[in-house]
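**Student:** Protein chains in written order, with my numbering: chain A, 311 to 391; chain B, 311 to 391.
No lab work stands behind these hints, which were simulated from the structure alone. Some hints here could point you the wrong way.
Any copy will do: because identical chains look the same in the list, a pair fits if it lies in one copy or spans two.
Simulated pairs of lysine-lysine, BS3-like, Cα-Cα distance not exceeding 25 Å [to be verified]: (1) Lys320 / Lys367; (2) Lys350 / Lys367; (3) Lys367 / Lys312; (4) Lys350 / Lys312; (5) Lys320 / Lys350.
Since we're looking at a predicted model, the values are computed, not measured.
Number of protein chains: 2
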Amino acid sequence: MKARVFVTLKTTVLDPQGQTVRAALNGLGYAAIAEVRQGKYFEIGLAGGITAEQARKDVEAIAHDVLANPVIEEYRIEILE
Amino acid sequence: MKARVFVTLKTTVLDPQGQTVRAALNGLGYAAIAEVRQGKYFEIGLAGGITAEQARKDVEAIAHDVLANPVIEEYRIEILE
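Okay, chain A solo, but in the shape it has when bound (with noise of 0.2 Å):
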């Protein structure tokens, strides 16, 4: 089984590196560009005796205390399988 997590910034807060990648590419000439927002990107293979349940309990709980910073982070997961 597998999991995805993704973790951005909260929309309210600052993102300085997504700014900056922006400002790169509309200097590249992708004018389109309009915003850019980085965050994180995990892909978790989980053990095969575990239940579909129990897999999104744990990632949930990995992905509040230990992946993202809940104060200025949200994120979204993903089980696969």
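Knowing the structure of chain A, use the given hints to seat chain B on it.
**Tutor:** Frame of chain A; chain B shown alone:
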């Protein structure tokens, strides 16, 4: 129009950052976590006047030339709306 770009190390490339996260999670008691691979995630906002075809072309070029290093990384694109 929005686009998402996911950049990950190729599976043949060692991911020490992901291995460290996996070891830390196992140490915290999440024994079911067998593998973690960390990547980058970009949310890109595109100007209104652009067609879906042009958007895909631009984002594909950006992902290949700027956001990912095709020697060691692979990327996946989603065009939304």
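**Student:** Hint by hint, say whether it matches the structure.
**Tutor:** How the hints compare with the structure:
For the identical chains of this complex, Lys320 and Lys367 are intra-copy neighbours only, at 22 Å inside a copy versus 28 Å across copies, given an alpha-carbon limit of 25 Å. For the identical chains of this complex, Lys350 and Lys367 are neighbours both inside a copy (20 Å) and across copies (24 Å), given an alpha-carbon limit of 25 Å. In this assembly of identical chains, Lys367 and Lys312 lie within 25 Å of each other by CA distance solely inside one copy; the values are 13 Å within and 30 Å between copies. Proximity of Lys350 and Lys312 under a CA criterion of 25 Å is satisfied in both settings, with 17 Å inside one chain copy and 18 Å between copies.
Taking the shortest alpha-carbon separations for Lys320 and Lys350, both the intra-copy value of 13 Å and the inter-copy value of 16 Å come in at or below 25 Å.
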